[in-house]
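Letter by letter, the chains look like this.
There are 2 protein chains.
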Amino acid sequence: MKRNQISLLALTALLAAPACADDAALREQAKGLFEVIPMQAPQLADNNAVTRDKIDLGAKLFFDPRMSKSGVFSCQSCHNVGMGGVDGLETSIGHGWQKGPRNAPTALNAVFNIAQFWDGRAPDLAAQAKGPVQAGVEMNNTADNLVATVKSMPGYVEAFAKAFPGQSDPVSFDNFALAVEAFEATLITPNSKFDQWLTGSDSAMSEDEKAGLKLFIDTGCASCHNGINIGGNGYYPFGVVEAPGAEILPAGDTGRFKVTKTASDEYVFRAGPLRNIALTAPYFHSGKVWDLKEAVSVMANSQLGAKLEDKQLDQIVAFLGTLTGEQPEVMHPILPARTTETPKPVQMN
Amino acid sequence: MKRNQISLLALTALLAAPACADDAALREQAKGLFEVIPMQAPQLADNNAVTRDKIDLGAKLFFDPRMSKSGVFSCQSCHNVGMGGVDGLETSIGHGWQKGPRNAPTALNAVFNIAQFWDGRAPDLAAQAKGPVQAGVEMNNTADNLVATVKSMPGYVEAFAKAFPGQSDPVSFDNFALAVEAFEATLITPNSKFDQWLTGSDSAMSEDEKAGLKLFIDTGCASCHNGINIGGNGYYPFGVVEAPGAEILPAGDTGRFKVTKTASDEYVFRAGPLRNIALTAPYFHSGKVWDLKEAVSVMANSQLGAKLEDKQLDQIVAFLGTLTGEQPEVMHPILPARTTETPKPVQMN
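As given, the protein sequences belong to chains A and B, one line each in that order. Take 1 as the starting number for the first sequence in UniProt numbering and just add one per residue. Take 1 as the starting number for the second sequence in UniProt numbering and just add one per residue.
None of these hints come from the bench; they were simulated from the model. Where a beta carbon is used, it is the ideal one built from N, C-alpha and C, also for glycine. Keep in mind that the hints are not guaranteed to be accurate.
Said to hold, decoys possible - With a straight-line cut-off of 27 Å between C-alpha atoms, the simulated DSSO-like cross-links for lysine-lysine are:
| # | chain 1 | residue 1 | chain 2 | residue 2 |
| --- | --- | --- | --- | --- |
| 1 | A | Lys344 | A | Lys193 |
| 2 | B | Lys151 | A | Lys293 |
| 3 | B | Lys344 | A | Lys99 |
| 4 | B | Lys151 | A | Lys162 |
| 5 | B | Lys130 | B | Lys344 |
| 6 | B | Lys311 | B | Lys193 |
| 7 | B | Lys99 | A | Lys293 |
| 8 | A | Lys99 | B | Lys99 |
What the hints assert, rightly or not - Pulled from the structure, derived: some chain A residues nowhere near chain B, Cβ distances all over 12 Å:
| # | residue |
| --- | --- |
| 9 | Met83 |
| 10 | Gly84 |
| 11 | Lys162 |
| 12 | Tyr235 |
| 13 | Leu304 |
To be verified - Each pair of labels, with its calculated beta carbon distance range:
| # | chain 1 | residue 1 | chain 2 | residue 2 | range |
| --- | --- | --- | --- | --- | --- |
| 14 | B | Phe257 | A | Ala251 | 17 to 27 Å |
| 15 | B | Glu158 | A | Ala21 | 45 to 55 Å |
| 16 | A | Gly252 | B | Glu158 | 39 to 49 Å |
| 17 | B | Gly234 | A | Pro123 | 33 to 43 Å |
| 18 | A | Gln134 | B | Lys31 | 48 to 58 Å |
| 19 | B | Ala49 | A | Asp169 | 27 to 37 Å |
| 20 | A | Glu266 | B | Val346 | 48 to 58 Å |
| 21 | A | Asp169 | B | Lys31 | 46 to 56 Å |
| 22 | A | Asp144 | B | Pro42 | 43 to 53 Å |
| 23 | A | Glu329 | B | Pro101 | 31 to 41 Å |
| 24 | B | Glu341 | A | Glu329 | 33 to 43 Å |
| 25 | B | Glu158 | A | Ser264 | 41 to 51 Å |
| 26 | A | Asp169 | B | Gln167 | 55 to 65 Å |
| 27 | A | Thr339 | B | Ser223 | 24 to 34 Å |
The task is simple: from the sequences and hints, build the whole structure.
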């Protein structure tokens, strides 16, 4: 009995042996395409210094529903730090129960994207933070009302003064955005199985997961989905080979064309960042596909003209599962108390 | 100069001296009426054992918007742990942007109330937790759909099995409610200035705050607002002496009458618990009063027929401010990932 067990172990070791050689070659290839998520939040251009005070203020603002006109929605409503940085809806529900036009992108690791939003219209997270707050279908607030709200609460006034020392009027819409950016930049998810493997731990990924990675590279997925976020760093037409159905790619949303007004940007979108993709269903800017396997199949067909076998799809999905990192541990902030000066929430338009 | 300072100190000491004697008498009186919030969550009847596993599961469920039909609202939406346990709205906004009938009561220290809801229709927090989840104007879910949602996610199935060991079918609506209750029972706010003073620290409250406490007792507020939550432990008619205007006390909401069908319970409500009241505007079951001073004035007039002077109102408000305790530190939970079996959110009715 014991002898049998040893033989089995030896056999397993033999079977595993070729994988080690494969690992080295595959890792070399992968290192040319992808990057590991760092353990610490990165430095931010145009937002120095990212102090603990600024991050703490940003957390308060991120979680505060009083930043919306109705008092119902905060950044956290659509970018839930406990749900992979998304809301799990096709497209977000906003002011007056309106349905937003596109699926909410994850806030996790968003700091590593080339730009923000599906069409990249915001160059950084600070610019992004100003969008949903003012969008009529989202938080429906105005910059003035947001600043008045914040200024009415001594707890916020003090926090802004600490986060932006030496400024004569620290409570401003620009500083709101910088504080939110500072907090969001901490929402990174290191130590995924993929990152552990990429940095040398052969056993961090299963054989199926490695086969999926190889397929992901060989089929061509990695030509758009690469870099630190396995996507999020370039713009590509949706439907290179064959446009998916109007359900998935609605004709009315021309993507980056709306930003650049350039004909070649019609139906062009930022390649979706695939970090934590197993947590962020539903998929695509339309949010119409709920099953990751189906999303991979749609992509293979429409972008690469590839018909993958069922097992291959499973292996790619298994690989994508290794992109789930350690989720951020966020203490829910205690928000400053309102005063009689604080603008009241308004639910009607 | 130094001599003057010493004289001033001596004078201050003299002036303060009578306050010490007063403190002892006032404290003795207060101890007969009020109780200190304990440092630890209390034991729960009918919910044994309250283990760390059960509390952690309850936190997940409390923060999970997928417990609502729309995927938009969680318990946290209306009982925000960072905003004094409320949503800061007149009445809560729920499914389809419907406006709820009454102001959301705080979840903080709610475990100490005699019963839950403004009319006390739920005997405990577990019974309470089942209400908003199924209410059409709130989360609009069904028990079956909630259980199907939870059962579709292995992360939840494991967490229920750990929280309810030895049960053959641990994922149930009853256990959902027990787990939420276990978490909510941890949301207590000890160490308020009032509690520090009540346990012997004369300097924890200012002279104005102590004067406010004395007024609170002498005017008669404490005849309804007493016990550990300074309220929340008995039922009283709103408008004992003079009914407030229909704006504050809408004619259609007959309060506890709806529960007991007893004529004498018309417009009877549970006395509002006043812990952390400075954080939980707007006030009353109608949520129509935003200013705590105005709320105190309305109460004095309608319940006690007392016309308090402006300074007296300020002192009572100052006392009420001492009821703000240490707010709960809650790590935002990481929620289990949905699967292809998870029911999709439905925003329409």
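Hints, verified against the model:
no.	hint	verdict
1	Lys344/A to Lys193/A	violated (47 Å)
2	Lys151/B to Lys293/A	holds (21 Å)
3	Lys344/B to Lys99/A	holds (16 Å)
4	Lys151/B to Lys162/A	violated (46 Å)
5	Lys130/B to Lys344/B	holds (21 Å)
6	Lys311/B to Lys193/B	holds (21 Å)
7	Lys99/B to Lys293/A	violated (39 Å)
8	Lys99/A to Lys99/B	holds (18 Å)
9	Met83	violated (5 Å)
10	Gly84	violated (7 Å)
11	Lys162	holds (19 Å)
12	Tyr235	holds (29 Å)
13	Leu304	holds (23 Å)
14	Phe257/B to Ala251/A: 17 to 27 Å	violated (56 Å)
15	Glu158/B to Ala21/A: 45 to 55 Å	violated (37 Å)
16	Gly252/A to Glu158/B: 39 to 49 Å	holds (43 Å)
17	Gly234/B to Pro123/A: 33 to 43 Å	violated (59 Å)
18	Gln134/A to Lys31/B: 48 to 58 Å	holds (53 Å)
19	Ala49/B to Asp169/A: 27 to 37 Å	violated (54 Å)
20	Glu266/A to Val346/B: 48 to 58 Å	violated (33 Å)
21	Asp169/A to Lys31/B: 46 to 56 Å	holds (48 Å)
22	Asp144/A to Pro42/B: 43 to 53 Å	holds (46 Å)
23	Glu329/A to Pro101/B: 31 to 41 Å	holds (37 Å)
24	Glu341/B to Glu329/A: 33 to 43 Å	violated (28 Å)
25	Glu158/B to Ser264/A: 41 to 51 Å	holds (49 Å)
26	Asp169/A to Gln167/B: 55 to 65 Å	holds (59 Å)
27	Thr339/A to Ser223/B: 24 to 34 Å	holds (30 Å)
The structure fails to meet hints 1, 4, 7, 9, 10, 14, 15, 17, 19, 20, 24 from the earlier list, while all remaining hints are met.
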